[in-house]
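Asker: Dock chains B and C against chain A, hints included.
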Amino acid sequence: MDWIDFLIVVLRVVVVFALLLLVTIINVWAERKVVADFQNRIGPERAGPFGMLQTVADGLKLFFKESIIPARSEVGMFLLAPFLAVIPAFLIFLNIPFGRPITIGDRVIPLQGMDVDVGLLIVLAMSSMAVYAVVIAGWSSGSKYPLLGGVRATAQAISYEAAMGLAMVAVVLFSATQAADAPGGTLSLAELVERQSGTWAGIIPRWNLIPQIVAFVIFFIAAIAETNRAPFDLVEAEQELVGGYFTEYSGMRFAMFFLAEYINIFSMSALTATLFLGGWNGPTWDGVLPVWLSALLPFVWFMIKTYVLVFIFFWIRATLPRLRYDQLMALGWKRLIPGALGWLMLTAVVLGYRRFGLPWS
Amino acid sequence: MTFEIDYLALAPELVVAGTIIAALLLDLFLTRSKKYWVAVLSVVGVAGGLVPIVYMLAEGGTRSMFDGSYVVDEFALILKIVFLVSGYLVLLMSVSYIEADRYYQGEYYFLLLSSILGSLVMSSSRDLIVLFIGLELTTGPLFLLAGWRKGDAKSNEASLKFFILGVLSTAILLYGMSLLFGLTGSVEFTAIAAAIPDLVSEPALALSVLFLIVGFAFKASAVPFHFWAPDTYEGAPTPVAAYLSVNSKAAGFVAMLIVMYTALPGISEVWAPALWVLAALSMTVGNLSALRQGNIVRLLAYSSIAQAGFMLVPFAAAAVAGSDLAQAFSATVVYLVIYALMNLGAFAVVIAGARRTGSGDIDDWAGLGQKDPVLGLLTALFFLSLAGIPPLAGWYAKFVMFASVIEAGGISTLVLAAIAAVNSVIAFYYYARVIKAVWLDTPSEELLARPGREYAGSIKLTLAISMGLTIAIGIYPTFATYFGEASRVIATGGG
Amino acid sequence: MTVDAWIAEPVNWVFSIVAVVILFTAVRVVTSPNVVHAALYLVAALAGSAVMFLLLSAEFVALVLVLVYIGAVLVLFLFGIMITRAPTGFDEGLSNDRKLVSAAISLVLLGVLSWASLSAFGTDTVNTVGSPTATEILGDAILGRFVIPFEVVSFILLSALIGGITVARRDLTPLEEEERKAV
Chain A
3 MDWIDFLIVV LRVVVVFALL LLVTIINVWA ERKVVADFQN RIGPERAGPF GMLQTVADGL
63 KLFFKESIIP ARSEVGMFLL APFLAVIPAF LIFLNIPFGR PITIGDRVIP LQGMDVDVGL
123 LIVLAMSSMA VYAVVIAGWS SGSKYPLLGG VRATAQAISY EAAMGLAMVA VVLFSATQAA
183 DAPGGTLSLA ELVERQSGTW AGIIPRWNLI PQIVAFVIFF IAAIAETNRA PFDLVEAEQE
243 LVGGYFTEYS GMRFAMFFLA EYINIFSMSA LTATLFLGGW NGPTWDGVLP VWLSALLPFV
303 WFMIKTYVLV FIFFWIRATL PRLRYDQLMA LGWKRLIPGA LGWLMLTAVV LGYRRFGLPW
363 S
Chain B
8 MTFEIDYLAL APELVVAGTI IAALLLDLFL TRSKKYWVAV LSVVGVAGGL VPIVYMLAEG
68 GTRSMFDGSY VVDEFALILK IVFLVSGYLV LLMSVSYIEA DRYYQGEYYF LLLSSILGSL
128 VMSSSRDLIV LFIGLELTTG PLFLLAGWRK GDAKSNEASL KFFILGVLST AILLYGMSLL
188 FGLTGSVEFT AIAAAIPDLV SEPALALSVL FLIVGFAFKA SAVPFHFWAP DTYEGAPTPV
248 AAYLSVNSKA AGFVAMLIVM YTALPGISEV WAPALWVLAA LSMTVGNLSA LRQGNIVRLL
308 AYSSIAQAGF MLVPFAAAAV AGSDLAQAFS ATVVYLVIYA LMNLGAFAVV IAGARRTGSG
368 DIDDWAGLGQ KDPVLGLLTA LFFLSLAGIP PLAGWYAKFV MFASVIEAGG ISTLVLAAIA
428 AVNSVIAFYY YARVIKAVWL DTPSEELLAR PGREYAGSIK LTLAISMGLT IAIGIYPTFA
488 TYFGEASRVI ATGGG
Chain C
2 MTVDAWIAEP VNWVFSIVAV VILFTAVRVV TSPNVVHAAL YLVAALAGSA VMFLLLSAEF
62 VALVLVLVYI GAVLVLFLFG IMITRAPTGF DEGLSNDRKL VSAAISLVLL GVLSWASLSA
122 FGTDTVNTVG SPTATEILGD AILGRFVIPF EVVSFILLSA LIGGITVARR DLTPLEEEER
182 KAV
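Going down the list, the sequences are from chains A, B and C.
Every number in my numbering is 2 more than the matching position in the first sequence, counting from 1.
Every number in my numbering is 7 more than the matching position in the second sequence, counting from 1.
Every number in my numbering is 1 more than the matching position in the third sequence, counting from 1.
Excised from the complex, chain A in its bound form (with noise of 0.2 Å):
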């Protein structure tokens, strides 16, 4: 690897860093703006053209806040949480594909903070660590509420995870018959992406969308939930918990939680829009448009896609009421587990049936 390879890499990283802090300036305005159409409040205007510079203004007001520290807390890790929920979250979106390989040259950059193998296997591991954020902050905060949302917290995470990943793994398994040269599965979110360019019958994109439906309202139930937003938001319900676990946290480290929460709804969505909506596939009109264009219209789709799914994430929230927790755990274990699994199960059945026939015959 030259100097030239390790500059891509590096900007690469430094790019998806950049496109997130953005993109979560946008989101929290979008959001307040999205939910006060919603419950017919006008929301944040003051601030810059339709107030889209509120997120700066509050961002610099919780930069120049007293951060506290209380007493009673264990100082590490009440200084270690607020990074523990940074990292995971831009993490996840490091393994995401945001635009189609660009070619400069000889060399072939693709628009992607790092493509793995095993991309798919990174982002659920390291969307199971962003609980410990969550669980350190509770416990470490030293007080009852703080703790209460971490123990509810895990709960969900535990029980959310496994229907995310199950849903995943039909997902994987229907696409391992849709490449055209390399029978064989993949968990490369590049290749995932791949395999669902063109249409079936000339006019149907091969999204992963229609013949994973079922997966798909899986995956996106127990994504809200990752995320721990509403209707499930049970670990920060300010009627039962105050703030839920970052009750102690003010300043810098409280706006780090914010960050995260936000990134994740991005990544969370983002993730969706390349499982399961064709990522940033989508008609480029190669050489019919100039070259700089079909270049950036795979970026272009690949946002649109993630925030249709965004906006449903914040449509969600002004919409449904908060679930009791017994109805979350119900639901959870209940209906999303046996349903992915059995959906998992019947994946499995049709495709093996298309590719061996029937068992006996």
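Don't read these hints as lab results, they were simulated from the structure.
Since we're looking at a predicted model, the values are computed, not measured.
Misleading hints may appear alongside valid ones.
[As the list claims (entries may be wrong)] Simulated restraints, written as ranges between beta carbons of each label pair:
| id | chain 1 | residue 1 | chain 2 | residue 2 | range |
| --- | --- | --- | --- | --- | --- |
| 1 | C | I143 | A | T201 | 34 to 40 Å |
| 2 | B | A439 | C | L110 | 51 to 57 Å |
| 3 | C | L110 | B | I478 | 32 to 38 Å |
| 4 | B | G55 | C | A142 | 31 to 37 Å |
| 5 | B | N302 | C | V69 | 40 to 46 Å |
Every residue, glycine too, gets a C-beta built ideally from N, C-alpha and C.
Answerer: Only chains B and C this time, still in chain A's reference frame:
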């Protein structure tokens, strides 16, 4: 690379696995008063597992799958019969016991069946991974079953002691296996055996073999890895204790023998003395401790430790003397078969006796023979058989054991034989003590005043089967010899 | 292999650092007087093991280690510690008087094991550069050659699950039982 799966060879396991799932599903749809149907299903399923085994035995030959890691030869089939029949008897004696108290019945049978499945898998394993997993499935559910009487502190103690020591021994076993794998670069026994000669001088190899022995000796509750056994047997539900003393002990035993015999014959100078010491210690410590027990289950626990020592004798003797291991193998298997039958019978007697007297103390059993002559007779029968009195099956087990030792020859084996002989005498003393209490002591007022209740049919059936077989083998030992001869097949199989 | 050659290999540097981390955290797991700290040290030790697997180009195993042990098993540990009334603060009762004896035995065992391992594997070298093992090969092995243990493991897990639920669940009192019958 694809592997052909021989479904007939797997049929016993598949039948039991199917029964497990069916039992679980059935339990879901039954009301509490109808739960005994789960027991019926389990018993039928286990008996059904015997059908393909008998078919394969009649057909003969060795079936080998997955690069020789899963072998169904006559040795494996014989052991599967032992595990299934003893599992069958334990299931039978559980029915009334489990129904009487308000335990979770469906789950109980599910766990017991899982354990049986594990021992079936284990007896076919010719590879470290299959062996380990099979052994774990055999013991794993028992940790939970030992603590099944949740409200009882003793049961909790039983479960915890068993679990903590069991996990420790599993870790040691696994460590030994990983060292062995690291040294030989293979998990298959034949490949390991082939790689051993180049490695004999490695200290790590000796260490790994010792670790393996420690792990297996724990499962077989051989001294000095027996500390959990008496407390666990006493606290666990009696049928579970019976299962622990027969199936799970036999599983540990068989696993040890398979590994030593098929994978590690090249390094017998390390494990032979270790087994010799284990055998001598188990017999002596087990018997001496049994002398002082007042509780019948604890007595049987120590007796089963001592019996494990007797079982080890032929193999240890042959290995130390460097003589034919196949002979020792058949002697051990014969002993195992007979021990399983009579020990299960003894436990069934304990269950019945505990119901009649309301106690597990031997002193409270005084005069049981007057109160209930049939039960008294059965007590005498099984305990005399355990002591090795002709014409009951136990004598033949002892006979085969001594015969194989004498055949092996050598000073150290003769010392072992002498230890075994002295221990047989000690054992006779405490077995006879129970019989004396039952027949010669005067019954207490309390016992005579207790209403004579009818026993459940399943317990009667258990007693009848084990009694019939114990007497039959005692009078006509060729039947057991067949088992022993068939088990020699392992000498040629495994490839 | 000479010392110079050993130092020249960057992988060995990473290995050394990670090994020290694993050793330190592993010792702290057993010596920490606080259960939650012990669990968190275990997380660190396991994460270090995952890095070891990565160094051996076993990506899949490393990630499964993270996913299963760190992401699920230890989260459940922490959950168990927090949801039960186990002390989450410092607890002197976590270690007992036999500490020194246990430490001595552990040290002897460590000595014997290191001596044996060094004698057996001391001269072996691990190939540092290798392409990652394809997930496909692992899948084929698990569902081919090792299909029986794989299926049997599912029974172990199922029995642990069902047994665990049965043992952990609260028994109905006789009164509740009557109520249930009435319904």
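Asker: So, for every hint listed, does it hold in this structure?
Answerer: Hints, verified against the model:
1. At about 36 Å, the CB distance of I143(C) to T201(A) agrees with the hint of 34 to 40 Å.
2. Against the hinted window of 51 to 57 Å, the Cβ-Cβ separation of A439(B) and L110(C) comes to about 44 Å, which falls outside the hint.
3. Restraint check, L110(C) to I478(B): a C-beta distance of roughly 50 Å breaks the suggested window 32 to 38 Å.
4. Against the hinted window of 31 to 37 Å, the Cβ-Cβ separation of G55(B) and A142(C) comes to about 32 Å, which satisfies the hint.
5. For the pair N302(B) and V69(C), the beta carbons lie near 43 Å from each other, so the given range of 40 to 46 Å is met.
Hint compliance for this structure: hints 2, 3 are broken, all remaining hints hold.
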